[in-house]
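**Student:** Sequence:
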Amino acid sequence: MTKLADLAKSFAEDERPAGNLLDDESVLAQAIAATRFYAGFAALRDHEGKEPPEQSIEGDTGITTSEWALIRPLFLLYMERETALQLEASRGMGADPFGRSSSEVAIEITQLESEMPRKAFYQPIITI
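Following my numbering, the residues of the sequence shown are numbered contiguously, the last one being 514.
Bear in mind the hints are in silico, worked out from the structure with no lab data behind them.
Quick reminder that beta carbons are idealized off the backbone N, C-alpha and C, glycines included.
All the given hints hold, so there is nothing to weed out.
Just the calculated beta-carbon pair ranges, DEER-fashion: (1) Q472 with G445: 19 to 25 Å; (2) A455 with A492: 18 to 24 Å; (3) T388 with S487: 29 to 35 Å.
Generate coordinates for the entire structure from the input sequences, incorporating the hints supplied.
**Tutor:** This is the structure we're talking about:
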């Protein structure tokens, strides 16, 4: 399992080093938020037997590859929304925002969040 902080750091430094406008703490905060949302519908393997999971999800939480495959798209949208909010806030200083607006990203987030219960559902197969 890879730690959530390592996944966030890898995203900021390796995947999107030039296009990322957020600091490391903000990137990790978005990864934690996406993971907490996912944990509302599926038990994280690293937190089996712990309650309540949303309180214990931090940067040192272990995430499996399959969990990250479901969390990552939501994380990317959270990152895009946060970046859009920062750019929109800079309009007053004369900066011209680029990319999608935060409201456009919010619509896609709502859609992905509504699909999460179905995507995260897992029932082990039991044979008799």
